[in-house]
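Following the hints, complete the assembly by docking chain X onto the known chain A.
If you read the protein sequences in the order shown, they are chains A and X. When we follow my numbering, the leftmost residue of the first sequence carries the number 1, and every step to the right adds one. When we follow my numbering, the leftmost residue of the second sequence carries the number 1001, and every step to the right adds one.
Bear in mind the hints are in silico, worked out from the structure with no lab data behind them. Please read these numbers as outputs of a predicted model, since none were measured by experiment. Do not rely on the hints blindly, as some may be mistaken.
Unchecked claim - SDA-like, lysine to any residue: derived pairs with alpha carbons at most 25 Å apart:
id, chain 1, residue 1, chain 2, residue 2
1, A, LYS123, X, MET1001
2, A, LYS123, X, MET1079
3, A, LYS160, A, THR5
4, A, LYS123, X, GLY1123
5, A, LYS123, X, GLU1092
6, A, LYS167, X, ASP1041
7, A, LYS89, X, GLY1123
Claimed, not checked - Over the 10 Å line for every Cβ pair with chain A, so calculated as not near, a few chain X residues:
id, residue
8, PHE1028
9, ASP1062
10, ARG1077
11, VAL1159
12, GLY1201
To be verified - Cβ pair distances, simulated, as ranges:
id, chain 1, residue 1, chain 2, residue 2, range
13, A, GLU62, X, VAL1159, 55 to 61 Å
14, X, ARG1113, A, ILE72, 41 to 47 Å
15, X, ALA1040, A, SER234, 38 to 44 Å
16, X, ALA1040, A, PRO122, 31 to 37 Å
17, A, ILE72, X, GLY1162, 55 to 61 Å
18, X, LYS1045, A, ASP49, 29 to 35 Å
19, X, ARG1141, A, MET67, 55 to 61 Å
20, X, SER1095, A, ALA13, 20 to 26 Å
21, X, VAL1143, A, ALA13, 43 to 49 Å
22, A, ARG181, X, LYS1045, 36 to 42 Å
No residue lacks a Cβ here, since even glycine has one placed at the ideal position from N, Cα and C.
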Amino acid sequence: MTTNTQLETILEALEQAEGLPAMQASIEQLRDLMDVDHMVYHWVDSAGDHYGCGTYSDAWREQYLKMNYIRIDPVITGCFRIFNAVDWKDLDWSSKASRNFRADSIEFGIGNQGFSVPIRGPKGQFALFTVSHNCDDAAWEAFTETKRRDLILIAHLFNKQALELEKERKTEAQVASLSPREVDAITLLAMGYSRAQVAENLSISEHTVRVYIESARFKLGAMNTTHAVARALSRGLIVV
Amino acid sequence: MLRYVYGDQLQNFPRLAASMFRDRADQFKTRLGWDVSVDADGFEKDEYDTLNPLYVIWENADGTHGGSMRFLPTTGRTMINDHFAHVIGGGEIRSPFIWECTRFCLSRDADSRMAALLVVACGEIMQHFNVEHFAGVFDARMVRIYRLLGASPDVLGSVGEGREQISVGLWHYAAADSKKILHRAGVSMALSQLWFDRSFGTQKTAQLAQVG
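Excised from the complex, chain A in its bound form (with noise of 0.2 Å):
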């Protein structure tokens, strides 16, 4: 079967992927190939670090942050202590807040179906696969009855990569060096500066102070500025 073959090829290519933007990739060919709206790969380490990549937009990434949402988020609470895979329906939406949150996440194009699968690593490791699509119950459930055991082992696919990829991170974290301009840019975001006040500060640019954040963003491996921020801190790459 052609899809088989397809299937086999991306997770090949993610098991040499040697960096989050190629296990980034490879999670868009999987969502292109399993015909979903998003799949998302995501890993909170001990320390509350986040880790991962997924095909969710910028906005609803902000929108989550800034609302605060790993908090109520069902997913989350629902399977973070638990290792069997989750169809959302099944999960504990009764409360208001909850109940919002969906609301919400639909409005961001989310979808109104979803299926998790917890993984539970090494010492304790907590990560989370996830795909998400908009359709009705039945197309859902036929899906996820064909798909289960290929989505439960892609998810451990990208968990193996990410460990994989912690170690070199940790073992190289010394040696991931920012560019001078870079350091400045974090060092004042850490200090509680706003962009606009970096720019002003280093005599650039406002987009410019962006394009080094991002750079940092990736070179850090991180999934937005206030986890950058957090890692080149407990990394000794900056100093506040």
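Same frame as chain A, now just chain X:
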């Protein structure tokens, strides 16, 4: 009824949980003489009970424990990988499709269907969560019990001799066996499915409630 309960949900079933841990002390310490620790409450608990395992527990009509077992995914910490790697020649068992099953326990006055009921639960887990094998550690006394159940494992390795022999085995699900096991357990497929959905699904039970 069969309940599927994660460790952090045991607090919702205090009577069931307490009698399970006491029955485990009775089986593993008193009857089998294993070197397990029993606390001041008379509970047999080990470090794996703190990893939020999934328990399958038979609840008697009076809310007490009739039989149970404990599951952990082999992608995380397991008893086999931590303590019994030498039994299988030093390797590890790690797969998202293999769960470890430990502390298979039957209460002293469990009825004769109890072991079969627990095997029925294994079938539900395999079918719904794509678990293809269970891995477990067992001693010589269990070999006969598994054979009587028609659930003999593939032995991956053993150490020791005679009654002292300890083995690591793999069980796999054969759909063909499920009818036989259901018959022995004396439950219908629909009832087994209902128990499973009560623990894991809000959607299907909600539909049933509407119909009823």
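* Asked: Does A:LYS123 pair with X:MET1001 here, judged by a C-alpha cut-off of 25 Å?
  -> This hinted pair is violated, its Cα atoms lying about 34 Å apart.
* Are X:LYS1045 and A:ASP49 spaced within 29 to 35 Å by their CB atoms? -> This hint holds: roughly 32 Å between Cβ atoms.
* Asked: Keeping to a limit of 25 Å between CA atoms, is the pair of A:LYS89 and X:GLY1123 held or broken?
  -> Holds - the C-alpha atoms of X:GLY1123 and A:LYS89 are around 23 Å apart, at most 25 Å.
* **Pairwise hint evaluation, A:THR5 against A:LYS160, where the allowed Cα distance is 25 Å at most** => holds (21 Å)
* So does A:GLU62 sit 55 to 61 Å from X:VAL1159, Cβ to Cβ? -> holds (56 Å)
* That 36 to 42 Å hint for A:ARG181 and X:LYS1045 (C-beta), does it hold up? -> Violated, since A:ARG181 and X:LYS1045 (Cβ atoms, about 56 Å apart) do not stay within the stated range.
* Asked: Would you say X:PHE1028 is clear of chain A, with no C-beta pair closer than or equal to 10 Å?
  -> holds (24 Å)
* **Distance restraint evaluation - X:SER1095, A:ALA13, Cβ atoms, bounds 20 to 26 Å** => At 22 Å between Cβs, range holds.
* Given as non-interface: X:GLY1201, partner chain A, CB spacing beyond 10 Å -> violated (5 Å)
* To do: Could you check the hint for me, namely that X:ALA1040 and A:SER234 are 38 to 44 Å apart, CB to CB?
  => Given about 42 Å between the Cβ atoms, the range holds.
* Take the C-alpha atoms of A:LYS123 and X:MET1079, compute the straight-line distance between them, and say whether it is at most 25 Å. => holds (13 Å)
* **Interface-negative label, X:ASP1062 against chain A, beta-carbon threshold 10 Å** => holds (28 Å)
When each numbered hint is compared with the structure, violations occur for hints 1, 4, 6, 10, 12 and 22.
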